[in-house]
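For what it's worth, full-length UniProt numbering labels the leading residue of the sequence shown as 1, then goes sequentially.
Keep in mind the hints are simulated off the structure, nothing from the lab. Keep in mind the model is a prediction, meaning the values are calculated, not measured. Hints should not be assumed to be uniformly reliable.
[To be verified] Have a look at the derived ranges for each label pair, beta carbon to beta carbon:
1. T237 x T73: 38 to 48 Å
2. Q309 x D23: 20 to 30 Å
3. F286 x D228: 34 to 44 Å
4. T8 x K271: 20 to 30 Å
5. S19 x K272: 52 to 62 Å
6. D228 x H261: 42 to 52 Å
7. K272 x A16: 55 to 65 Å
8. S193 x D23: 39 to 49 Å
9. S19 x S257: 21 to 31 Å
10. K117 x I208: 31 to 41 Å
11. T280 x K242: 32 to 42 Å
12. A16 x S257: 29 to 39 Å
Ideal Cβ positions, reconstructed from N, Cα and C, are used throughout, including at glycine.
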Amino acid sequence: MRNTRPITILGETILAGESKTIDMEIAKLHNSAKLKIPIIIQRSKIDGPVVLFSAGIHGDEINGTEIVRQIITKKINKPKKGTIICIPIINMFGFINKSREFPDGRDLNRVFPGSKKGSLASQFAHHILTEIMPIVDYAVDFHAGGASRFNAPQIRLEPNNEALKTLADVFNAPFTLYSKNIAGSFRNACQKSNVKMLLFEGGKSLDINDEIANIGLEGVKRFLEHLDMLNPKHNATKSKEKSIHIERSTWIRANHSGLLHNSNSIGTFVKKGMVLATITDPFGKFERKVKAPNDGYIINANHSPIVYQGDAIYHISKTLVNGNP
């Protein structure tokens with residue numbers, strides 16, 4: 001079936017079979033320098049879905065940017081049918097400043113749907129929703145852990161959504177975590193706009209992890225193959241292990257301030273009472289063990305060498321679903 005439907009983004013039309021990079025410019029830097037956010041579009045001549053791969057909504061989560069970069073450089077974004085849109089960096093302000101937030105101090109992922117005349121972050125959210133998302137059918141948004149916390153590779157989706165569960169099973173990240181949509185988040189706005197979005201978490205901020213990037217990339221290929229959009233030049237590798245579905249989880253917090261000695265248990269299954277880390281003072285006066293409160297998988301670990309009492313240091317699963325052990 002030939003694709004004759006025109007696509008328009010930010011006033012520019014992309015024809016069937018055409019590739020185009022459109023620069024989104026909403027505001028300048030404080031020194032009047034232009035700030036461009038490239039939107040890379042690849043269209044097949046054959047009709048099909050429109051898929052968005054995005055990253056960098058938090059400017060310091062560059063591992064997601066690396067995944068989308070590889071989608072482009074390896075030409076995975078050239079679809080067999082339909083259209084693929086890539087935005088490697090949404091929050092270019094934060095990326096330049098190596099910061100999670102926008103210059104106005106706001107978290108872009110908490111201000112959706114935004115407004116035309118609101119804060120800078122709110123204006124960006126508004127433009128994304130009104131200029132890009134109306135033509136999108138499916139999306140994968142890539143994130144990493146913040147504040148030195150390393151996320152095991154995982155897909156997050158809202159509970160009781162069978163369509164998203166099917167897509168998550170196709171993506172087949174090592175973990176699938178059920179979590180409610182957060183008010184003001186990009187994911188929540190997409191759900192209200194009937195865009196089927198998966199949120200990928202993996203790695204930590206200000207870091208590129210090749211293993212995490214490869215897991216994300218292979219998931220993307222399986223995702224596109226499921227939609228019959230993967231170019232025949234690429235092969236989607238079937239994972240030997242099925243994703244572990246986590247229905248409930250909890251945070252383990254530090255009971256003492258001090259130096260954190262991590263046991264590198266990220267992604268592993270631990271038994272109740274197992275020692276996960278040790279917290280010490282700098283002067284050799286005490287050592288405090290951090291133990292697992294229950295059996296479960298460690299899906300996030302704090303990599304900061306210094307913690308304060310009450311800091312989140314591990315995220316551990318509590319309830320598994322779908323026959324997981």
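Here's how the hints hold up against the structure:
For the hinted restraint 38 to 48 Å between T237 and T73, the CB-CB distance of approximately 18 Å leaves it violated. Between Q309 and D23, the C-beta spacing of about 47 Å breaks the proposed range 20 to 30 Å. A hinted range of 34 to 44 Å is violated for the C-beta pair F286 and D228, which are about 60 Å apart. Distance hint check for T8 and K271: the Cβ-Cβ separation is about 56 Å, which falls outside the suggested range of 20 to 30 Å.
The hinted window of 52 to 62 Å between S19 and K272 holds, with their beta carbons roughly 54 Å apart. Take D228 and H261: their Cβ atoms lie about 49 Å apart, and the range 42 to 52 Å holds. Checked against the hint of 55 to 65 Å, the C-beta distance between K272 and A16 comes to roughly 57 Å, which is consistent with it. Against the hinted window of 39 to 49 Å, the Cβ-Cβ separation of S193 and D23 comes to about 24 Å, which falls outside the hint.
Our hint of 21 to 31 Å for S19 and S257 is violated, since their Cβ atoms are close to 53 Å apart. Taking the beta carbon of each, K117 and I208 are about 37 Å apart, inside 31 to 41 Å as hinted. As the Cβ distance of T280 to K242 is approximately 39 Å, the hint placing it in 32 to 42 Å holds. The hint said 29 to 39 Å for the Cβ distance between A16 and S257, and at roughly 60 Å that hint is violated.
The structure is inconsistent with the numbered hints 1, 2, 3, 4, 8, 9 and 12, although it conforms to all the rest.
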